[in-house]
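Engineer: The residues making up each chain are set out below.
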Amino acid sequence: MKGLASGAIIFTFAIFVLCTGCGSSRTSTPSSSEQPQPTSLLITWSSDGNPLVPVCNGATQNCKKDLTVLDKTNGAEVTVAITASNYTAPNAGDTYAVRVNGFDGEGNSISSEYEPVTVE
Amino acid sequence: MKKALVFLSLVVIVPLTHVAQTTPKSAPTAPKSNLGARLVTRNNNAAVPAAVGTTSLYTQIAFDWQYTPNIPACGSSLTNCYSGFTLTNTTLGTVIATPSTLGPITLSYAYLPVGGVPYGTSAFSLVANGYDGSGNPLTSPPATASVVVNVTSLNAPTNLTGKPQ
Numbered sequence: 630m631k632g633l634a635s636g637a638i639i640f641t642f643a644i645f646v647l648c649t650g651c652g653s654s655r656t657s658t659p660s661s662s663e664q665p666q667p668t669s670l671l672i673t674w675s676s677d678g679n680p681l682v683p684v685c686n687g688a689t690q691n692c693k694k695d696l697t698v699l700d701k702t703n704g705a706e707v708t709v710a711i712t713a714s715n716y717t718a719p720n721a722g723d724t725y726a727v728r729v730n731g732f733d734g735e736g737n738s739i740s741s742e743y744e745p746v747t748v749e
Numbered sequence: 237m238k239k240a241l242v243f244l245s246l247v248v249i250v251p252l253t254h255v256a257q258t259t260p261k262s263a264p265t266a267p268k269s270n271l272g273a274r275l276v277t278r279n280n281n282a283a284v285p286a287a288v289g290t291t292s293l294y295t296q297i298a299f300d301w302q303y304t305p306n307i308p309a310c311g312s313s314l315t316n317c318y319s320g321f322t323l324t325n326t327t328l329g330t331v332i333a334t335p336s337t338l339g340p341i342t343l344s345y346a347y348l349p350v351g352g353v354p355y356g357t358s359a360f361s362l363v364a365n366g367y368d369g370s371g372n373p374l375t376s377p378p379a380t381a382s383v384v385v386n387v388t389s390l391n392a393p394t395n396l397t398g399k400p401q
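Here the protein sequences line up with chains A and B, keeping their order.
Going by this note's numbering, the first sequence opens with residue 630, and the numbers climb by one from there.
Going by this note's numbering, the second sequence opens with residue 237, and the numbers climb by one from there.
Please note: incorrect hints may appear among the correct ones.
[What the hints assert, rightly or not] Rough simulated footprint, nothing fancy, chain B against chain A, three-plus residues with beta-carbon under 8 Å:
1. 664-673
2. 698-711
3. 714-724
4. 731-742
Everything labelled a hint here was simulated from the structure, so no lab data went into it.
Don't be surprised by glycine CBs; every beta carbon is placed ideally from N, CA and C.
Work out the full structure: start from the sequences and follow the hints.
Structural biologist: Here's what the structure looks like:
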C-alpha cells in the first residue's frame, strides 16, 4: 500500500514536469508563422557623398539641396533634408533608391545617380 | 570625377600707407602690386592627403603678386619699414599667412586648404604690413583675389543600407 502511494506520487510529479516542459517549449519558440512581419524599412547612409559641397540654405549655385528617396516598386518619391542620415520607408517589401539633388555653378538643377538601397 | 571651372580675379593693390614722423631716408615711390591666384589641380603623386571622392579637383591655390615698396624692408629697427604681407581667406575669415611666413621679399605662396579647395567661391585679401616712424603698425589697403570651383555633378549617398523594422 505504501509502495503504491509512492509510485502514484512519482508518476504525478513526472507528468507535471513533462507538461511544464511542453508548455514552456510552446511559448518560448513560436512557429515562424507567428513572428511579426516587418512593416517598414529603415534606410540609412553614412554620408551624402558630397562633404565639401556647401548646403544650399536658399542659395541656387554650387550647392547640395536635398535627397530624393524613390520607391522603385510604385514610383513614389519623397524629399528628405540634405542633413538627414536616415529615412523610414513605409513599405518593407519594396525596392528603394536614393539620390542627392542640388545646383551647379550656373544655377542648373543637378542630381546624382540613384543609389540602390541594399537591404540587410 | 567632378569637373570644375575656375575664374580668377586680379586687383591692383594700393600703396602701403606711410605715416612717418621722421623723415625717411629715401623718397617713397609709387608701388604697383597685383595679387594673382591660381588653382593647382590634384596630383596623385603629390604629398597631399586625398579624401576619396569628396574633394574638388584642386588641392592648392597658388598666389603670386608684385610689390614695389615705397619704404625699405625692416631690419633690426621696426620704424619706417615694411615687414611683409598678410594673406587672409575673407570667405572664412581666417588668416592664412603673416609676415613671419610672407617676408618682405616674398612674392608667392602656395596655400593648401585642409581637405582640398572647397566648391563655390573663396575670396582672399593680401595686405602689406609695416611700421611708421614711431614704430606703430601700418597696413596697406587690401589687394583681393577670388577663386571659384563650380559644381558640375553630385555624388550619390554612400553606405546606403536598409533594415526591415
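Engineer: Now tell me, hint by hint, if it's right for this structure.
Structural biologist: Here is how each hint holds up against the structure:
1. 664-673: holds (count 7)
2. 698-711: violated (count 0)
3. 714-724: holds (count 3)
4. 731-742: n = 9 at 8 Å, threshold three: holds.
When each numbered hint is compared with the structure, a violation occurs for hint 2 only.
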